[in-house]
Amino acid sequence: MKVVFSRPRALSDVTMAYCQGCTHGIAHRLVAEVIDELGILERTIGICPVGCSVFLYQYMECDMIEASHGRAPAVATGVKRVLPDRVVFTYQGDGDLAAIGTAEIIHAAARGENITVVFINNTTYGMTGGQMAPTTIPGQETTTTPGGRDPIKAGNPIKVCELLAPIEGTAYIARASLTSPANVMKAKKAIKTAFEMQLAGKGLSLVELLSSCPTQWGMPPLEALKHVDEVITPYYPLGEFKRVN
Amino acid sequence: MTTKVLMKGNEAVVRGAIAAGCRAFFGYPITPQNEVPEYMSKYMPEAGGVFVQAESEVAAINMVYGAACAGVRAMTSSSSPGISLKMEGISYLAGAQLPCLIVNVQRGGPGLGNIAPSQSDYFQAVKGGGHGDYKMYTFAPWSVKEMFEHPSLAFEVADKYRGPAMILTDAIIGQMLEPIEIPEKIELNLPPKPWATTGAKGRGRNSITSLYIVPEDLERINLEIQANYKLATEREVRFQEFWIDDANLVLVAYGCVARISRTTMTMAREKGLKVGLFRPITLFPFPSKQLLELAKSGKHFLVVEMSAGQMVEDVRLSVNGEAEVDFYGRLGGIVPSPNEILEEVEKLLKPSLYQVMASAKTSTN
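Residue numbers (this note's numbering), protein chains in the order written: chain F, 42 to 286; chain U, 11 to 375.
Some clues are possibly wrong.
To be verified - EDC-like mimics (lysine to aspartate or glutamate), calculated; alpha carbons at most 16 Å apart, straight line: (1) F:K230 - F:E264; (2) U:K211 - F:E237; (3) U:K211 - F:D126; (4) F:K230 - F:E83; (5) U:K211 - F:E83; (6) F:K194 - F:E264; (7) U:K203 - U:D169; (8) F:K233 - F:D54; (9) F:K233 - F:E281.
These are computed hints drawn from the structure, not numbers from a lab.
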């Protein structure tokens with residue numbers, strides 16, 4: 042019988058700790074499929090975030106390093122500089138990358154570190170209980186913006202792709218979402234392009250994935266996906282923001 | 011074959027680290043250690059290694075974390091306020107049991123303080139500094155020669171017991187020039203690192219983490235780390251003694267203060283005062299056993315530091331009430347002079363008027 046669907050080699054055969062309807066599992070699978078397709082499992086080193094996906098080092102079959110909150114791009118710099126022929130990626134949430142780790146991502150981008158960043162944007166701090174993230178959109182209710190995010194009081198969201206694309210050291214910056222099979226396929230293509238940019242030595246590549254957080258948003262999974270399409274995507278437009286030749 | 015050269019302490023630590031097989035340096039400028047990244051930017055690429063000027067001390071220590079994960083001898087350097095920033099990363103390095111070297115060319119604090127020499131980061135170096143139960147294998151050079159030699163010792167200990175090591179020095183040692191002999195080649199003892207994350211070619215995946223959600227798992231890791239500290243305490247203690255045998259009063263000091271105290275000791279001896287010097291070279295593991303032995307043989311200790319009294323606590327713990335331990339310290343970046351320490355010595359050795367009268371009374375009875 043012909044096998045038409047199976048677990049990617051790069052994805053561990055373990056039960057993930059995510060809530061029902063969370064899109065981290067899809068994002069992990071896409072990264073694993075890309076690693077398989079590029080045949081780079083044995084020379085890839087992943088850097089895990091702090092946050093919901095903190096256990097990523099147990100979910101991938103490549104070498105993995107757990108970094109402290111926000112510092113993954115610095116850790117990745119250390120690895121990639123001493124092992125330039127390996128493939129190095131970080132996997133970071135919005136609090137990790139756009140709040141505590143803003144300096145690390147901007148400077149890794151400015152140095153043109155030849156690494157790939159998978160950036161999960163679910164507009165909230167999922168693991169710590171749904172507080173405001175730097176990506177929380179205006180009006181969004183969180184446990185620390187109970188009346189909805191008011192930019193006058195709580196500041197404005199940070200649009201990471203738009204921020205990083207003008208930086209000279211970046212090679213590929215794209216935003217995709219994980220809300221439908223079509224969007225998932227586009228996301229995978231973007232992740233693959235990001236890894237290919239690294240293999241070609243072009244500089245820092247980043248794919249932002251708009252993700253759902255049914256638990257902290259207080260929505261059933263399907264409604265959460267609809268929310269990504271109808272409310273979050275208009276604020277964070279999908280597409281490629283930069284692609285160097 | 012050796013070459014004799016005149017060198018600054020901060021250059022010697024760079025040359026020593028590269029000779030010790032260090033192939034990655036990540037740093038950030040702060041006075042009085044700026045020559046370390048400056049020399050590194052020149053010598054490290056020449057040695058085929060990696061130099062990156064990071065955007066912050068926080069990023070620099072995390073780059074060290076990454077390079078250490080990859081199994082490379084990696085280091086960073088900074089000075090007191092910068093070391094405070096590195097503490098988060100150092101705790102993670104300790105938790106993930108990663109060897110590396112951190113050089114602290116201490117300056118006056120707290121806060122921005124000044125750029126004068128100080129020894130007030132002792133607690134931070136040997137008692138943890140970051141969160142969690144950990145320590146750093148800490149070496150305290152007192153000369154440019156030792157600035158060259160200690161990186162090799164520190165890397166060996168860091169590799170053997172798998173944790174961060176620190177060279178705790180100060181603005182005087184970092185900035186002073188001395189002639190030293192540089193060997194043409196140092197025999198390297200580079201252990202295999204099967205745990206390193208270098209890509210899973212020909213083996214299962216390696217993962218490096220300091221995350222252990224189940225308390226029993228985290229306790230097990232902590233016990234492993236503590237067992238390494240115990241082993242290092244049995245095997246890696248280094249110290250130096252001067253004129254100890256007949257001494258009534260033993261000066262205890264490290265780094266440049268030990269050097270100043272040696273001059274005090276010579277001056278005291280010229281006056282017929284029986285003064286010796288005990289100089290810890292490793293601050294962790296601390297030479298507690300040796301100090302206790304001296305205490306039991308009836309010595310009186312005077313600990314001299316450029317701090318409000320930090321190492322003195324370890325001396326008191328070591329002697330465990332078996333001896334009198336006095337303290338003399340200067341703060342704010344002031345370096346004590348040999349004369350000033352001698353005054354303290356004389357105060358302690360000169361019997362008080364009360365003692366003179368009491369002894370006169372006893373003799374007339």
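Each hint tested on the structure:
1. Taking the CA atoms of K230 (chain F) and E264 (chain F), the gap is about 25 Å. The hint is violated against a cut of 16 Å.
2. With a CA separation close to 20 Å, the supplied pair K211 (chain U) and E237 (chain F) exceeds the 16 Å bound.
3. Between K211 (chain U) and D126 (chain F), the direct Cα distance comes to roughly 13 Å. Compliance with the 16 Å bound is thereby established for this hinted pair.
4. This hinted pair does not check out: K230 (chain F) and E83 (chain F) have alpha carbons roughly 21 Å apart, beyond 16 Å.
5. For the hint pairing K211 (chain U) with E83 (chain F), the CA-to-CA distance comes to about 5 Å; that is within 16 Å, so the pair holds.
6. The suggested pairing of K194 (chain F) with E264 (chain F) is violated, with an alpha-carbon distance near 29 Å, which exceeds 16 Å.
7. For the given pair, K203 (chain U) sits about 9 Å from D169 (chain U) by alpha-carbon distance, which is consistent with the 16 Å threshold.
8. A hinted pair counts as satisfied when its Cα atoms are at most 16 Å apart, and K233 (chain F) with D54 (chain F) does not qualify at roughly 22 Å.
9. The suggested pairing of K233 (chain F) with E281 (chain F) holds, with an alpha-carbon distance near 13 Å, which does not exceed 16 Å.
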